[in-house]
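Asker: Chain residues, written in single-letter form:
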Amino acid sequence: MEYQKAAAEMNRVCNGNIVAEYNCHNGFSEQAMIESKKAAVQNKHEKSRKESEDESKLPALEAAYNTILKGLGENTDRQGLLLTPRRAAKAMQFLTKGYHETIYDILNDAIFDEDHDEMVMVKDIDMFSLCEHHLVPFFGKVHIGYLPNKRVVGLSKLARIVEIFSRRLQVQERLTKQIALAITEALNPAGVAVVIEAAHMCMVMRGVQKMNSRTITSTMLGVFREDPKTREEFLSLVRS
Amino acid sequence: MDHAKQKQSEKPPPYSTDSVNGHMEERAPVLKSPNRTGGPQVVPGEETRSHTSTVMESWKEERTRSIEDNEMNLPGIAAAYTSILRGLGEDPLRQGLLKTPRRAATAMQFFTKGYQEKISDVLNNAIFDEDHDEMVIVKDIDMFSMCEHHLVPFIGKVHIGYLPNKRVVGLSKLARIVEIYSRRLQVQERLTKQIAVAITESLQPSGVGVVIEASHMCMVMRGVQKMNSKTVTSTMLGVFREDPKTREEFLKLIKN
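If you're matching them up, the sequences are chains A and B in order. Residues in the first sequence are numbered from 1 upward in steps of one, following full-length UniProt numbering. Residues in the second sequence are numbered from 1 upward in steps of one, following full-length UniProt numbering.
Quick caveat, the hints were computed from the structure, so don't treat them as lab data. One thing to keep in mind: the hints can contain errors.
As the list claims (entries may be wrong) - Straight-line Cα separation of at most 30 Å, DSS-like style, residue types lysine-lysine; simulated pairs:
id	chain 1	residue 1	chain 2	residue 2
1	A	LYS70	B	LYS113
2	A	LYS210	B	LYS245
3	A	LYS229	A	LYS210
4	B	LYS99	A	LYS70
5	B	LYS226	A	LYS97
Stated by the list, open to error - Quick list of the computed label-pair ranges, beta carbon to beta carbon:
id	chain 1	residue 1	chain 2	residue 2	range
6	A	GLU173	B	LYS166	53 to 63 Å
7	B	ASN228	A	ILE111	40 to 50 Å
8	B	LEU253	A	PRO228	25 to 35 Å
9	A	ASP117	B	LEU253	53 to 63 Å
10	B	GLY76	A	MET121	18 to 28 Å
Computed from a predicted structure; not experimentally measured. A virtual CB, placed ideally from N, CA and C, is assigned to each residue, including glycine.
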């Protein structure tokens with residue numbers, strides 16, 4: 001139950017409460033930093049789901065998937081579906097494995113002191129996540145840029161941050177913000193920018209069924225928010 | 001559930017012995033790797049034939065689920081999703097997840113709505129007698145299906161070609177056949193074959209070719225995680241199987 005609350009907390013970090021705080025001078029308001037530090041403390045010590053518990057949760061998930069298959073009118077004894085509840089349960093656990101991990105597990109070693117103050121970008125990071133409203137995948141690319149302030153991070157760690165937050169039940173807006181906040185928290189850079197463009201299967205496969213539509217969200221913090229030229233440099237490098 | 005069980009215990013209806021252009025022979029090698037170098041396959045013995053019939057009959061079991069079934073089953077499926085959310089470590093009471101079980105259940109019912117439809121309903125009106133005997137191709141039909149092994153989507157394009165034999169079908173009906181069979185828990189190989197056999201059965205054309213290329217989220221998002229891999233399956237029946245030139249014309253025309 002504790003871990004469930006922690007999950008709720010982590011997922012609420014970027015909800016309405018925080019967004020209101022970012023109307024200030026240098027892109028990082030005091031309030032926002034306090035909020036994100038609170039989240040960080042939780043991030044440091046609590047995971048919403050422990051990896052060791054996955055095995056024990058499997059039977060309940062399997063039973064649930066069995067009910068779903070029967071409810072859809074399928075014959076659960078046919079050869080193709082015999083092991084499907086187990087496979088689907090494991091797949092779902094894999095697709096939400098971001099709940100296992102915290103930022104500080106992966107980041108603590110790879111922050112280096114470098115006297116570098118030019119933009120660093122990692123773009124076209126493939127991202128796969130699950131829409132929390134329909135439990136249907138959405139996937140796309142993440143582009144991250146930051147302006148270091150004496151500290152740089154190992155490049156693959158940016159991709160790992162994306163993995164941690166995307167392998168959850170997510171909303172694209174919140175995902176973008178969580179990634180940006182995590183980088184801010186860990187590095188204290190002069191600015192961070194995150195752009196995600198994704199295709200949502202809940203819109204493509206069902207509902208309004210628009211095949212080619214893409215959703216783009218972005219979060220700009222620090223100098224990326226303050227200084228239009230920096231933001232433009234980042235955006236033109238993303239586009240190129 | 002009852003529907004499905006009933007249909008499976010029924011004696012499989014005899015298929016038509018109308019072996020137009022080798023269609024009957026073409027069905028037999030379902031269990032072997034088809035020999036594509038042209039010429040119809042040698043029809044194997046009776047035992048294999050009856051085994052084949054069990055394998056092939058599954059496509060004929062047009063299980064129908066009704067709207068009422070959907071409504072009745074929705075609460076059960078939604079409850080199952082709630083327990084899945086809990087089992088994953090999420091809090092089903094937080095704002096974003098409050099109505100998720102119901103939405104996910106409805107979405108899943110939509111993704112399997114192929115079980116609610118029958119080929120005969122979709123096709124009966126739109127078969128026309130035309131004196132046309134050149135290839136007809138409908139390509140780049142977007143297809144979205146669910147992998148029956150992991151309950152994760154696979155998405156791609158279907159290309160269908162057929163050589164009419166005095167009877168043509170409305171073009172959108174080909175896309176509707178794709179919809180009926182793809183909106184189910186599927187395996188790409190079976191999907192390809194079901195589409196081809198459905199067109200064959202309803203139109204009796206000289207030949208049918210179906211090619212599907214799809215990307216499987218179960219391979220992209222998890223497991224081996226190969227982003228750019230695509231799976232291509234094809235079924236060639238009738239002259240498309242026998243005549244290499246016809247097949248080649250079809251394959252060339254669907255290439256971009």
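Asker: Does each hint fit the structure? Answer for all of them.
Answerer: So, going through the hints one by one against the coordinates:
1. A distance of roughly 14 Å separates the Cα atoms of LYS70/A and LYS113/B; the hinted pair therefore holds under the 30 Å criterion.
2. As the CA atoms of LYS210/A and LYS245/B are separated by approximately 37 Å, the hinted pair breaks the 30 Å bound.
3. Of the supplied pair hints, the one linking LYS229/A and LYS210/A is violated, its CA atoms being roughly 34 Å apart against a limit of 30 Å.
4. Straight-line distance between C-alpha atoms of LYS99/B and LYS70/A comes to about 21 Å, which keeps the hinted pair within the 30 Å bound.
5. The hinted pair formed by LYS226/B and LYS97/A meets the criterion: a straight-line CA distance of about 18 Å does not exceed 30 Å.
6. Range check, GLU173/A to LYS166/B: about 57 Å between beta-carbon atoms, so the 53 to 63 Å window is met.
7. Between ASN228/B and ILE111/A the beta carbon distance is about 32 Å. The supplied range of 40 to 50 Å is therefore violated.
8. In this structure the supplied range 25 to 35 Å is violated for LEU253/B paired with PRO228/A, their Cβ-Cβ distance being about 51 Å.
9. Between ASP117/A and LEU253/B, the C-beta spacing of about 57 Å keeps the proposed range 53 to 63 Å intact.
10. Checked against the hint of 18 to 28 Å, the C-beta distance between GLY76/B and MET121/A comes to roughly 48 Å, which is inconsistent with it.
Hint check: violations occur at hints 2, 3, 7, 8 and 10; the rest are consistent with the structure.
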